[in-house]
Amino acid sequence: MPKIIHYRSKCIGCGVCYEQQPECWRMSKKDGKATLLRSVNKKGVFMIEITGAAMLKSSDVAKACPVNIIKIV
Amino acid sequence: MKQRTVEILAPVGSFESLQAAFNAGADSVYFGVEQLNMRSRSANAFAVTDMKRIVAACRKHQCKAYLTLNTVMYEHDMQLLRSILKEAKKQGVDAVIAADFSVIEYCRQLQIPLHISTQANISNIESVQFFSRFADVVVLARELTLKQVANIIGEIKRKKIKGPSGELVKVELFVHGALCMAVSGKCYISLHQQNASANRGACVQNCRRSYIVKDTESGEELKIDNEYIMSPKDLCTIDILDQVISTGVSVLKIEGRPKGPEYVQTVTRCYREAADAVALGNFTQEKAAAWKAEMEKVYNRGFWEGYYLGRKTGEWVTQPGSAATEKKIYIGKGSRYYPRKKVGEFLVESGTLQVGDTLLVTGPACGMVKEQVEKLYVNGEEAEKAVKGDKITFLFATRVTPNDKLYKVVNAVHA
Ligand code: SF4
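Residue numbers (our numbering), protein chains in the order written: chain H, 7 to 79; chain E, 471 to 885.
Hints are computed from structural coordinates only; laboratory data are not their basis.
In this text the structure is predicted, and so the values were computed from the model without any measurement.
Positions of the beta carbon are idealized from the N, C-alpha and C atoms, including for glycine.
Pair ranges (Cβ atoms, derived):
| hint | chain 1 | residue 1 | chain 2 | residue 2 | range |
| --- | --- | --- | --- | --- | --- |
| 1 | E | Lys-630 | H | Lys-63 | 56 to 66 Å |
| 2 | H | Arg-32 | E | Gln-663 | 20 to 30 Å |
| 3 | E | Ser-716 | H | Arg-32 | 52 to 62 Å |
| 4 | E | Lys-656 | H | Lys-63 | 24 to 34 Å |
| 5 | H | Lys-69 | E | Lys-560 | 33 to 43 Å |
A few chain H residues that don't get close to chain E, going by computed Cβ distances all over 12 Å:
| hint | residue |
| --- | --- |
| 6 | Leu-42 |
| 7 | Leu-43 |
| 8 | Ile-54 |
| 9 | Ile-56 |
| 10 | Thr-57 |
Residues from chain E shown here face chain H by an in silico Cβ test under 10 Å; the list is partial:
| hint | residue |
| --- | --- |
| 11 | Gln-505 |
| 12 | Thr-541 |
| 13 | Glu-545 |
My request is simple: use the sequences and hints to build the entire structure.
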């Protein structure tokens, strides 16, 4: 299954991911950064498995992140 | 010694640069934390928790600490903003540099002194009057001429425009560093092309690249002599610093938080010396030329004096990246120090080092130290040359710590 990986510490909180894919992202009120919903945290790197159908949209979001911290593998 | 006429304000993006700013005699420093500042893209930003250490170090060196919080702010940033400002208040940060009204409002509530950022593009006396309700210092737009600056300062005095502290509003000007091709804070190229908003500190600097101009109808390319049509050279006012100071400006600000400690120390020291020379009445063009040559050694895109002299067209760079005349090559890291003999020990991790080479050591405790090696010991024996894997020692006046990095300085060759 493909995965979204979010290197959260480098997030600048621009909100693009949330705007484009609200089903996967929230802007944290606590620290202003994006949070990848339902993801698992491995030492500050957040991961979630996605369906093939969600892949296209997620890739667009990854491309749109200004600091390139969203990866699709 | 710290009783001076103009304040020199240095950029700080790391603990190395902070010490470098102290070494150079800065009166104040500015820094950003987390992502809410115009340099959020640069790798090693400070965290909220670093504020305590920064402010404590500044106190020790009688230097003021200003916190930059000047991005566009969104709803989801408010809580982070509040917690940053609470911590700033607790640690006693001397002022916050802001442009967004949310920051201005919170600072007012928490009674934290405010400076209005250049991102607010203050260009006339009415704006100064408006912001004087909140701020004691305003950074004027970088696009004004010195005459306009002098007029604004004259009007502040004439109209007795005072800030919340009850004193006349002070004016701060950028005197050195990168310029934006647009009026500061009004550029959207990075946002449009790469979705990376410059106003969230994520500018990818598309303007710094070379471009071609093409007629889409005929497909023909226009011939232009310089392909870097959007990348201005760096601002450098050292040779007109007497004129800058005579406008009545109170604070001279240096750009460059993402740049290294050698940049911070060299540039801050040059402006410190130049400002002191102006105060003593012995500022000369010869001295200015020497300072400029010194600053050409560190990161720069070539210099011009910006818009201050009323030039209609800018000066554009002719090459990518830095035009610095020197560059540093990583050699290794510090290991220990023998204070009695004043000997420093380093481990060579890459490249080679020879007697006669100029060394640069950077670290949070020393800032930046530049020295020539006169005698070199490799693994305890006197030697001419050291290579990767060697443990080297030499006379070094400054304490060495394992956090120090050792570089070799070489002349940079430009095409
Ligand atoms: S797009 Fe990237 S930088 Fe922007 S909020 Fe999302 S993860 Fe953070």
